[in-house]
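K.L.:
Single-letter residue listing:
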Amino acid sequence: MDTKPIELRKKRVSGNRAKAELKAILYIVPFLIPFALFYLWPVLRGTWISLHVWNIQGMQRYVALDNYKRIFENSDFYKYLWNSFYFVLICAPTVLILGLILALIINQRIWLRTLIRSVYFLPYVLSVSVISFIWLKLFDPKNGPVNGLLGLLGLPQDINWLTDHRFVWWAITFATDWWTVGFVMVLFLAGLQEIPQDHYEAATIDGAGTWSKFWHITIPGLSRVMKIQVFYQVISCLKLFGQVQIMTGGGPGNSTNTMIRYIYVTGFKKDMFGLASAQSIVFCVIMLLIAVIQFKLTDRKD
Amino acid sequence: MSAEGESVGKKLSAWLFVMVACMGLLVGCDGSDKAEAPVRKSAKAPVEILFWNPFGGGEGDYVGQIIKDFNESQQGIVVRQLRLESNEYYVRLSTALSFGKGPDVAVAHADRVSPFVKAKQIIPLDGLAQLAGLDFSHIESTNRNSVVYNGETYAVPIDTHFHMLYYNKDLLAKAGLGEDEVISKLRHLTPQEFMDFLTLLQNRLPGVQPLAVNTPFFQEPFLDMYYEAGGELLTPDMKHAAINNEKALEVLRFYQKLFASGLSDLNDKTPWDTFHNGQAVFWMGGIWEAGHHLKDSSFQSGIAELPSLFGGNKQWGSSHTLVIPTYVTKEKQLAAMAFIRYFSEVGSLTWGEAGHVPANSTVQNDSHYQNLPYRKLFLESSRHVKLAPNTDKYSALYTVLSEELQNIIANRQDPKKGLVDLEQKLNELLAS
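For the record, the sequence lines run as chains V and U. Each residue of the first sequence is one higher than the one before, starting from 1 at the first, in my numbering. Each residue of the second sequence is one higher than the one before, starting from 1 at the first, in my numbering.
The hints are simulated quantities; they were obtained by calculation from the structure and are not laboratory data. Wrong hints could be hidden among the right ones.
[Said to hold, decoys possible] Here are the simulated DSS-like pairs of lysine-lysine, each with C-alpha atoms no more than 25 angstroms apart in a straight line: (1) U:K330 to U:K68; (2) U:K269 to V:K137; (3) U:K425 to V:K79.
Full structure from sequences and hints, please.
P.N.:
As structure tokens, this is what we get:
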């Protein structure tokens, strides 16, 4: 048998593969270059800075892991880390539940469905500064509409939303929920529309009620979307900065100071960029750990 | 050529056509410009410089006026301004100075200049001032000395600013109290007597805050009273904090009592507006608000010295200066200095109308300035200002001071413990 055509074919195949791989590399270059430039390089540079005393005048001296030691010896670190997690605990569930409820409502064939969907999604396109200033004014204790409305409803005393420990986290959560719920809603809506209609029809024939259809068809049908949403919300809540920076300045008395704001203040306001870089690296590792745990806990098949 | 190749070829040629057409348009634009070129060449284009300032609201408008007047007063230089939010101003300024791209002339408080000098991010101005004809001997020596490093002047101080006691004349009248009588009484009161007086106002004027305190920037009213009591922030060698003492404790207890008894509203995030809206009788506010409050005809306000509650008359204060970054080109440096000279010698009169005490002594003695209301009192009070200790860590120290004091008042913390924490954190910073 003549082997030449087989060899030729092999050559052509390997040539094609090399071509395909080159093509693939070319396709990811537009991502790789900005990734290396704006993510990898700053992380490496940040790690380098974290091993030094570094201020406005640049590098002062090499201190090895001293900055890391200082972080763990400082009680403020644990306080602000807890604040960041506390926000995850109150904001992530509320925004997910609200988003799901809104998606369920909009998924019905109701009047002005598109308009309602747009109205709820609209705040999401605003920047964090804009929404923070809006809510800063709305929550103003003396002249703000929120207290005005509560007053009309019969509340005897003004609530100091942004300066009272009991209310301040809820005020920030409320503003954040209002801002991001539209995005959560849209993702849930997409998930809802993926659930085949015949599942519901079959359940109706079997005599299932609305509640049991929700529990046994809708919720399992949304599980994949839910996992992504939880993952995304936990990370974005941990990164809370803009809202507290503008609405409370970390107050009252540092009670809404979060990790990101702590890093910002250490670097830019206290001029300790080495320490701030170390804090960033530590917080980055913590977030990565959380991401890994989340991946392990949720379905590995996904 | 395959059909696919042909279509790609067609697309490419279409793109090329569009690009050539666009270039043609650009050339066309260029051509029309060239027709006017000889006219433009004869007049030298003005030097454009960018000015950064952190002044908001009322103050910012006065700066806007000074820039407008300067631009109209000559042809060679055009000043453009960028107004930035005051809280985050230094974050942006130090980033700009580090990156070497930003303003050609910028505002900086005298107590913030030191790290920029050490990092060689701003230039000494003596030579430039001479070239531009600015005479440093006209700048008040206290102001000038605060920006001299190794015998060189790195900034041109434009003012001194501090707090005064504002009062609402209408509310005093409503409480049945005579203005002169109240003001003379306030001069020599103990903290307890002052609180008793505020309680009287509270009873006579329900729903009105007797004294608005700057709670968002509490470090300022704290330092006013702490300096009155003779306190110091740092030890004389500036290596350690000196704040954990009986004087600081007394001052903190005084403020905590004010808040606890409702004589001041701890939750008021905009006390300056509270006063301006007629909802507070007294307000320990900045002199920079004088123009804003006094020119408002909707209420009658007056200004007095801060009450001497803790014995002395020293008080917190600072000074705005103008600096030129190192990266600025020679041509723009000269233009920036011309603007600085104008600001110091001419603009200071407008600046004085806002309320600040001009650092230029010629302007201080100008009859126009002297005839503005309360300005003689301002000049008198400016002598009592205790400027910040000259350390390049002041900005960081001030941040810690502000955070810890917020903790003490907002969390109603025991001031004794709060001061221990504050001193420890300041010392950590000084040691780093």
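K.L.:
Compare the distance between the alpha carbons of U:K269 and V:K137 with 25 angstroms, and conclude whether the hinted pair is satisfied.
P.N.:
holds, 11 angstroms
K.L.:
For the pair we were handed, U:K425 and V:K79, check the Cα-Cα distance against 25 angstroms.
P.N.:
Holds. U:K425 to V:K79 sits at ~16 angstroms (cutoff 25 angstroms).
K.L.:
Quickly compare the C-alpha distance for U:K330 and U:K68 to 25 angstroms and report which way the hint goes.
P.N.:
holds, 24 angstroms
Violated hints: none; the structure is consistent with every hint.
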